[in-house]
Amino acid sequence: MKAIVVTDQAAGTAGMTLAERPEPQAARLASLAGASYGDVLVEVHASGFTPDELTWPSTWTDRLGRDRTPSIPGHEVAGVVRALGYGTTGLSVGQRVFGLTDWTRDGTLAEYAVVEARNLAPLPGDVDFTVGASLAMPGLTAWQGLFEHGRLQAGQSVLVHGAAGAVGSMATQLAREAGAYVIGTGRAAARQAALDFGAQEFVDLDDDTLEDVGEVDLSSTSSAGTSGDGPRD
Amino acid sequence: MSVTGPAEAPPADGLAIDFVVVSDRAQLNEIVQRVRDGRVRANIGTVATLDDAVAALNPTKRVKGKTIIRVRP
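As you go down the protein sequences, you meet chains G and C in turn.
Reading the first sequence from the start, the letters are residues 1 to 233 in this note's numbering.
Reading the second sequence from the start, the letters are residues 1001 to 1073 in this note's numbering.
It should be emphasised that the hints constitute simulated quantities derived from the structure, not laboratory data.
Treat the hints loosely; a few may be bogus.
[What the hints assert, rightly or not] Listed next, the in silico SDA-like pairs over lysine to any residue satisfying Cα-Cα at most 20 Å (straight line):
#, chain 1, residue 1, chain 2, residue 2
1, G, 2, C, 1073
2, C, 1064, G, 205
3, C, 1064, G, 206
4, C, 1061, G, 51
5, G, 2, G, 14
6, G, 2, C, 1048
7, C, 1064, G, 204
8, C, 1061, G, 13
9, G, 2, G, 31
10, G, 2, C, 1049
11, C, 1061, G, 187
12, G, 2, C, 1047
13, G, 2, C, 1054
14, G, 2, C, 1056
15, C, 1064, G, 51
16, C, 1064, G, 195
17, G, 2, C, 1058
18, C, 1064, G, 191
19, G, 2, C, 1055
[Unchecked claim] Here chain C is said to cover these stretches of chain G; the calculated rule only asks that three of the stretch's residues, wherever they fall, bring their Cβ under 8 Å from a Cβ of chain C:
#, stretch
20, 19–31
21, 87–100
22, 126–132
23, 198–209
C-beta atoms are modelled at their ideal positions from N, C-alpha and C, and glycine is treated no differently.
With the rest of the complex left out, here is chain G (with noise of 0.2 Å):
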C-alpha cells in the first residue's frame, strides 16, 4: 500500500517521503493464531496530521524505547472498517468510523491502518470523511481539555488562544455553546475569524497584551508549536 513514512527525526516535516509499505494482513487480524485483540482494520479514506507528532518519541520508538522507523505519522482518521479482530463488539465491517488512533502506532497517512476499535467512533452517513478526519483531534482536545480538565461551566470565562486555528476554532465554539463567555487570541489577521467562530472579543496577540483582559476562569492553550516532549502513555 501507499503512505508517508519518515526515518529521520532531525528532518521534521521535510522528511516525509511517499513510499510503499506492507499492507496489514486482514487474515491474520481476525485469526485466533495472529489475534491482536481490539484491533479493526480501517480502509482510510481521509487522514489527519499533527505536525507536533514528529517532535514526539511515540513517532520514533515504540512502547519498549525500540526504534520503530520507518513510521506512518497521521493520527487522525476517517474510512470504513474492513476487517475485525476479536474484542472489536459494537463495529462491523463496512461500517464508517472516525477517530484518533495509538500514537506509538503506525498512523492514517496510508492507505490502510489497524486501529483499536475502541478509539473509534461511528461516523454517521451525512458527514464526509473529510470532515471526520477534521474533528478528531481539535475536538478531543477541545472537548477534554474545556470539560474534563477545566470543569467549565456555563457563565465561566475562557480565554483561548488561537482562536481561530484548528483546536482553538473548536474550543470557541465548543465553550460557546457550553454557556460560556469565550475570549479568543491570536495574530491580527485571525480576529474575524474567531469572532466568526464565535469569540466575544479578541485580543490581537501582536498589539494588545493579556494584562488587559483581567481575570478569567479557565485559559486553554492548543499543543501546536509548544516543545513538550509530547504523548506518554
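Mind docking chain C on chain G? Use the hints.
Same frame as chain G, now just chain C:
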C-alpha cells in the same frame, strides 16, 4: 492549560494542567452530532491527495485550518 507539554508559564494564581488527548467514542459522538445539527463547524484549510501529501504538509506559507489528506476520492 497546555495539551501536550509543560505550560509555558504557570499562572500566578491558578492551576496548570498538561494532558495527553485520548480517543473517546462517547465524546466523538457528541462532537459529530454538533456538526450534523450545525452547532459546530469544522475548520478545514487544505485538502490534498496522498500523492500530494508531502507538499501539502510542507506548506510554504501559513495555512488556515486543518490540512486533511484525502486518501481515497
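Practice item. May I ask which of the numbered hints given earlier this structure violates, with the numbers listed in increasing order? Key: Numbers 9, 20, 23 - these are the hints that the structure violates, sorted from lowest upward.
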